[in-house]
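Chains as they are written, first to last, in my numbering: chain A, 11 to 440; chain B, 775 to 1081.
Because the hints were derived from the structure by calculation, they are not lab data. Glycine included, C-beta positions come from ideal geometry on N, C-alpha and C. A hint or two may mislead.
To be verified - Label pairs and their computed distance ranges (CB to CB):
{"id": "1", "chain 1": "B", "residue 1": "LEU848", "chain 2": "A", "residue 2": "ASP427", "range": "23 to 31 Å"}
{"id": "2", "chain 1": "A", "residue 1": "LEU79", "chain 2": "B", "residue 2": "TRP884", "range": "48 to 56 Å"}
{"id": "3", "chain 1": "B", "residue 1": "LEU901", "chain 2": "A", "residue 2": "THR182", "range": "53 to 61 Å"}
Stated by the list, open to error - Partial pick of chain A residues on the chain B-facing surface, computed with a CB cut under 10 Å:
{"id": "4", "residue": "THR208"}
{"id": "5", "residue": "GLU259"}
{"id": "6", "residue": "GLU269"}
{"id": "7", "residue": "GLN276"}
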Amino acid sequence: MKRHSVVRVAAIVAATFLAAGTLTACSAGASDDGGAKTLRVTLANHVWTDTIKSKLPEFEAATGLTVELSQYGEDQLSDQYNVKLNAGTDEIDVMMYRPLQEGKLFAKNGYLADLSDDVEANADWDWSDFQSGPVESTTYDGNVVGVPIITEQEVLYYRKDLLAKAGLEVPTTMEELEAAAKAIKEQNPGVAGFVARTGKSAAVTQFSSFLYSFGGDFIDEDGNSAIASPEAKEAYAFYGGLIRDYGPENVSTDMSWPEAMAIFTQGQAGLYTEADSLYKNATDPETSKVSDTVGFAPMPAGPGGSVAYNVPSWALGINAESAYSAEAWSFIEWATSAKLTLEVQQDGVPGARQSVWEDPEGTSTYPADLAAAIATSTKNGVGHDRPRVIKVPEAREIVGDPIVIAITGGDSDAAADAASDAFQGILDDE
Amino acid sequence: MTTMVTTKPSMWKNYSTWANRHRKWLFASPAMIFVGLLIAVPLGWTLYLSVTDSEGSVRAASNLVGFSNYLEVLTDTERFWPAVMRTFVFTGGALAIELVLGMCIALLLWRPFRGEKWVRVAILLPLVATPVAVGMMWRLIFDPNIGFANQVLSWIGIPAQPWLSGQYTALPTLMFVDIWQWTPMVVLMLLAGLTSLSDEPDEAARIDGANSWQRFWFVTLPLMRATVIVTIVLRGIDALKTFDILYATKGKGGGSFHEVETLNIYAFGLSFDYNDYGIASTVLILFFLLIIAIMWVLTYRRKANRS
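Based on the sequences and whatever the hints tell you, model everything.
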């Protein structure tokens, strides 16, 4: 009896293991939920997502699909993609991604399905309505791999009351910007004249418009590093100097937009350069103490004019491993339709459809000065706000280093020279 | 089963006796194999990646590059060695203070007193808080502009400090947070050791006229050696691997100057930010070897002392 029991127990254990294994295998493959297909959509936390989420029942009713929505913050979203797409998952169908940050890498890795035929299939949906700059950055090797949904331009946020107190007009040049920052800081103890992102990597995108307005760029026409050019050095010193001299006391060098925006909306800064897509944070009385006195203006002009970036910050793509690419495309087509783009834009998210921008309805909910500033930025904007390479995160840290050095009062010219060498290394590798 | 027994009785009997003789191994084997695979497979994969130039996607084609990754990492004085140094400063500093502080508190709690229960619960509170929540909380407290810490300093007339945002103050500030959170665990472990001590040696020393410091230093502490070493090993490994509070407060790369970039943060950035899986794996393997070496020294010394 004793002998038998040993084997019996072992057999039961083995059987349980096998059964458990089969069951898990079953559940992993089960995506058809009693006939209704489930579409797995991964989106970033954004006003865009909130609006789309509220409209989802319409899509589900029209198509009979069930949409399973996962939502993450920017960094968590990147990490999710890194882990899941690396493993070749088919558990993501539609994915919201950042064309300028991850687009090249994802396309090169073959994570993004080729949508070239899909975008041309439906003339009513009208692919040609999408602005060319954003479309360019969702195209890889001649193939369309994403549909741009959100665009961003850099604008100047300012406090009307503080400028009026100083008797100053809205700054239109870099000199006026510096003078206004100085005046505000001197007249209002505890209030910074100017605030902007300071984190090595986070600041790069908002610094880019300064770089362009001073006549520089990250990469020159020959594909070489341009961040040690005299224009770039001047831009680094200017941006860093503004924050060092007229920024908040004890300025942190880790600030991204939430921190910088908090300083501005708490009434602790007079001038702030940031992406327009975040304007609701400053105009919403619930999140902003300065909602009634905030104004918007185009980027002040430097030696190279007023040149802001005009970029697609987010796009929708389809996972190349998805088993439901047709259904995934129907979701994208629905979410990027002219009708929904208009509704989303009225909720404060700038879209990528030209017809919506031309429609007076498209900017009807925007503060008038913001709409005007955006129009300026879109007209002569640059289509990238960071180096366009495959290794964007690494490149951002490199080209962002002189910004931090300038903010902390170091030798930003020397830092730019060193950064340029390192950046050239990345460019040579690719 | 019964048919097997009747048709091949001798073979079955052999197996059965063998199984009964090795019962403990047989029953433990599923779990052992499972755990073994869970450790061996990822480790083997990391080891393999560390000798390739894998980047971008682990499914993309990569080449075997031998030990060139190791050479590159070991000669990297810009990110790798500073990260090693920060890892040791953080671990060593935090661990030393936690031990001293933990021992003091454990000695205070050793003898029964009124309200003992409440004090013990209060002391354990930081331990049960989620590390990421702890990180966010201290980040708010240490905010240079609107944080509570600088407000307190201003009440007593000390100028505002940069805390987490300063290039040279960030790491000590995070060590403080680690000490705040993990001293209770050290207290708990040391207290367990203290309560298991018998009273006789202490009494004998008292009768011999030893003062309280002498009784602690020459009697209690030597008796506590084993407990203290176990505490150092456990908390030390834990501190070496700290990731959550560093990442929650300073993000990828450990700040604009990499001021709190320890080996863990560095490896995370390499794999999740740079997608440089070859180099990231190399750093992790070196980190792993480093921990093994430290553990070996600690346990070897302990054995040597014992004999």
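Now for the hints, and whether the structure bears them out:
Range check, LEU848(B) to ASP427(A): Cβ separation about 27 Å, and the 23 to 31 Å hint holds. Between LEU79(A) and TRP884(B) the CB atoms are about 55 Å apart, so this pair conforms to the stated range of 48 to 56 Å. In this structure the hint that LEU901(B) and THR182(A) lie 53 to 61 Å apart at CB holds, the actual value being about 57 Å. The criterion of a C-beta within 10 Å of any C-beta in chain B is met by THR208(A), whose closest approach is roughly 7 Å, and the hint holds.
Given hint, GLU259(A) at the interface with chain B, holds; its Cβ is 7 Å from that chain's nearest Cβ, closer than 10 Å. Because the closest C-beta pair between GLU269(A) and chain B is about 8 Å apart, less than 10 Å, the hint holds. Because the closest C-beta pair between GLN276(A) and chain B is about 7 Å apart, less than 10 Å, the hint holds.
No hint from the list above goes unmet by this structure.
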